[in-house]
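Note that the protein sequences, when read in sequence, are chains A and B. Once you know that position 80 of the first sequence is 80 in my numbering, the rest is easy, because the numbers rise by one and skip nothing. Each position in the second sequence, counted from 1, maps to that position plus 1000 in my numbering.
Treat the hints with caution; some may be incorrect.
Listed next, with one range per pair, are the computed distances between beta-carbon atoms [as the list claims (entries may be wrong)]:
{"no.": "1", "chain 1": "A", "residue 1": "Leu338", "chain 2": "B", "residue 2": "Leu1009", "range": "30 to 36 Å"}
{"no.": "2", "chain 1": "A", "residue 1": "Gly64", "chain 2": "B", "residue 2": "Leu1020", "range": "44 to 50 Å"}
{"no.": "3", "chain 1": "A", "residue 1": "Tyr67", "chain 2": "B", "residue 2": "Ile1139", "range": "24 to 30 Å"}
{"no.": "4", "chain 1": "A", "residue 1": "Tyr67", "chain 2": "B", "residue 2": "Arg1137", "range": "19 to 25 Å"}
{"no.": "5", "chain 1": "A", "residue 1": "Phe61", "chain 2": "B", "residue 2": "Leu1006", "range": "52 to 58 Å"}
{"no.": "6", "chain 1": "A", "residue 1": "Pro388", "chain 2": "B", "residue 2": "Leu1020", "range": "50 to 56 Å"}
{"no.": "7", "chain 1": "A", "residue 1": "Val309", "chain 2": "B", "residue 2": "Glu1204", "range": "56 to 62 Å"}
Taking beta-carbon pairs under 8 Å as the criterion, some of the chain A residues facing chain B (in silico) [unchecked claim]:
{"no.": "8", "residue": "Trp146"}
{"no.": "9", "residue": "Phe166"}
{"no.": "10", "residue": "Glu172"}
{"no.": "11", "residue": "Ala204"}
{"no.": "12", "residue": "Gln209"}
{"no.": "13", "residue": "Trp215"}
{"no.": "14", "residue": "Gly270"}
{"no.": "15", "residue": "Ala271"}
{"no.": "16", "residue": "Ala423"}
{"no.": "17", "residue": "Phe427"}
I should point out that these hints are in silico values taken from the structure, not numbers from a laboratory. Beta carbons are placed, not taken as given, at the ideal position from N, Cα and C, and that holds for glycine.
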Amino acid sequence: MSIVVSSARTGCSASPQARKEGTGDAHPVPLLCLFAGAVLWLFVALTLGLIDSLKFHNPEFLAGEPYLSYGRVHAAQNTALLYGFGVPVALGLGLWLLCRLGRAALAAPWVVLLGALFWNFALAAGVAAVLCGGRSGYEGFEFPAWCAPLLFVAYILIGVCAFVTFDRRREEKLYPSQWFVIGALFWFPWIFSTAGLLLLAAPARGVLQALIACWCAHNLSGVFLGFAGLASSFYFIPKILGRPLHSHYLAALAFWTIALFGSCGGVPNGAPVPAWIVSLSVVGTGLTIVPLLAVATNFYLTVRRDLEVLDADPTLRFTYVGLMFWLIAGAQQIAGALPGVSAITDFTWFGAARSGLFHNGFFGLTVFGALYYILPRLLGLGPAAWRPGLLKAHFFLAFLGVLITYVSLVSAGVGQGILLSDARNSFADVMRRTMLPLRVSTLGELMILVGTVLFLLNFARILILACRRCRAEAKERA
Amino acid sequence: MNRGPLLFLGLFATMACSWLGFVLGPQLQLGGLTQTNTVVLGDALSQSYPVPEPGDARQGAEVYRANGCAFCHTEMVRPRSLGSDIVQSWGARRSLAEDYLFDQPVMLGSQRIGPDLANVGLRSDTNGILLRLYDPRRIIRGSLMPSYRFLFETRKIGFFPSPDALVLPPPDRPPPGCEVVPRPAARALAAYLMSLRQNGYLFEAPPPGQKTNAVPAVKTAAAK
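Okay, chain A solo, but in the shape it has when bound (with noise of 0.2 Å):
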């Protein structure tokens, strides 16, 4: 594969120079396909989540039908939006950075295309699986057992070509983006073949099981995800703005607590294993707050000069926003560790609120700000081709839903904790009465689903926009 500074300088081709020094038009087509079809399996699980959620409203919704029962469609809902959209978006964004801060083209975008094509498919066939009764019974690794080999080839077909890329990269300096995508890359093989082998091929023994789930969900989320969102948010924040990053070395220290601590965790208090489990579980949680004081702190130092512009470009508030966002999550996350707290939190909605916060709100928004700065510049069309109206909307939409969904569901959480601590309140009697938070979150989730169709109609609209120019240059030549 040859290497075009030109192309490299302005993303991963698809500019003007790009085509003339003949690298192809092929290579925006791989990570066009990673996020298309990232979204769209984020329309899937929202619209998955809102199925599930308006169940809350009349339990016998669709009950009839073995194929969209609450679990079944709770299962499908979590394979969508982890594997469906977190990780091929994780994967888009890391490809993306690695070459433009590597200045290098992207290696064997064929094959990059082929494993997107191939993820997509095998998760599909997992999903409709799941939603079919094949459910491997673990939380946050879902599909059957057939499923994993399937999605762990088309991730190493990505991986390799990612690898490679960051090998040819022009720029010796590493810039913290590249730890972050390079960690994420590496995190997620090691996670999903433990989950892969220990779950699935040759099952622990016990409740092992049960523990090894945990730590590979809780990895998943908080070290492959997290490491994927501040990757872009390292990049963006700085980018937009005009400014250095504070300090490289805050970077690099809430780069490697997070991969120290922040993969240490997810055992809830009080689960069936030995103590030292759950102690080793609540400590890594409550070191975690080290990461979130040095990334907030390098970010505030970064941005403290221009705050007022913060909101003037959808990229970056989409991208503070969702730091924000993270840091809350996180904060959620070690208050939700402390023993005095969790026996009242666990297992209530408390934990639920905190993970839509993480996923729909930190990756979420996160995602959305790069692909607004990215897809128009893979297409090779200026920032301005967006509809701005359409995205003003998406952005309060999901901003307002995420908080809905969020605020209700705490208070759900929390509320019902308290009311089951006293023995004279009944399971069903707590139940009915944190009801009214939950329903309102409805209307969070309905925002945050509204909020991703306006951007798929922009999105299509930029893609049709293209076309047209691609055509219209064809007959120029002609």
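Chain A is already provided as a structure; the job is to place chain B on it using the hints.
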């Protein structure tokens, strides 16, 4: 941090720490767990605990898994100091690693939209469970559980009424000449739920009122 190999080495080391702590370490400690000879709640004689679930319960676990019951029901009782599980009388003692020795897959669950089921077999009967699956809100007003009617079959009564037809109150009662019968999946699920009982006393969770555990004593008695 400008060197790729150094970055990889560092990542490998940090990842390995976490992996050793949460995968290998626990495997070394818990991977060799075996049945214990102990006393079981309400039984004076010592016996093996836990026992593998019977075949129909194993099939029921598959139904439980396939339908994602664990998204709303946990199967673990936390100790008295960490939550209200024992206060809510979901179990007499905390759950321990030994309790899940034969579970496949282990479905601890992570949220309680419904009550904990670790000991549901100790407080229910098969018929009650089937009725709940068929129409949860008839048993508990305002229950959030969806009805699982697809696990049941309404059919014409043959020569004789089926012995396991559900006895339903008027609004749910099938049309005359018909009966509601649990499908095999429903019966298996009920058998699985009835098999959920964490009632063996273990070293970490001695019988109430006893400071030390009786288990070692039982063991020595058996050895003599």
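So, going through the hints one by one against the coordinates:
Between Leu338(A) and Leu1009(B) the Cβ separation comes to about 34 Å, which falls inside the hinted range of 30 to 36 Å. With their beta carbons about 48 Å apart, Gly64(A) and Leu1020(B) fall inside the hinted range of 44 to 50 Å. Taking the beta carbon of each, Tyr67(A) and Ile1139(B) are about 25 Å apart, inside 24 to 30 Å as hinted. Our hint of 19 to 25 Å for Tyr67(A) and Arg1137(B) holds, since their Cβ atoms are close to 22 Å apart.
A hinted range of 52 to 58 Å for the beta carbons of Phe61(A) and Leu1006(B) is consistent with their spacing of about 55 Å. For Pro388(A) and Leu1020(B), the Cβ-Cβ distance of about 51 Å falls inside the hinted range of 50 to 56 Å, so the restraint holds. Separation of Val309(A) from Glu1204(B) is about 59 Å and conforms to the stated range, judged on CB atoms against 56 to 62 Å. At a threshold of 8 Å, the smallest CB-CB gap from Trp146(A) to chain B is about 15 Å, leaving the interface hint violated.
Evaluation of the Phe166(A) hint against chain B yields a held restraint, the C-beta minimum of about 7 Å falling below 8 Å. Interface restraint check: Glu172(A) against chain B, minimum CB-CB distance 6 Å, threshold 8 Å, status holds. For Ala204(A), the interface hint holds, the least distance from its beta-carbon to any beta-carbon of chain B being 6 Å, beneath 8 Å. With a least beta-carbon distance of about 4 Å to chain B, the hint placing Gln209(A) at the interface is held under the 8 Å criterion.
Here the hint on Trp215(A) is kept, as its CB sits about 4 Å from the closest CB of chain B, short of 8 Å. A distance limit of 8 Å between C-beta atoms decides the matter here; for Gly270(A) the minimum to chain B is near 3 Å, and the interface restraint holds. Hint status for Ala271(A): holds, given a least beta-carbon distance of 7 Å to chain B, under 8 Å. The beta carbon of Ala423(A) comes within 5 Å of a beta carbon in chain B, closer than 8 Å, and the hint placing it at the interface holds.
With a cut of 8 Å, the hint placing Phe427(A) at the interface with chain B holds, because the nearest CB-to-CB distance is about 5 Å.
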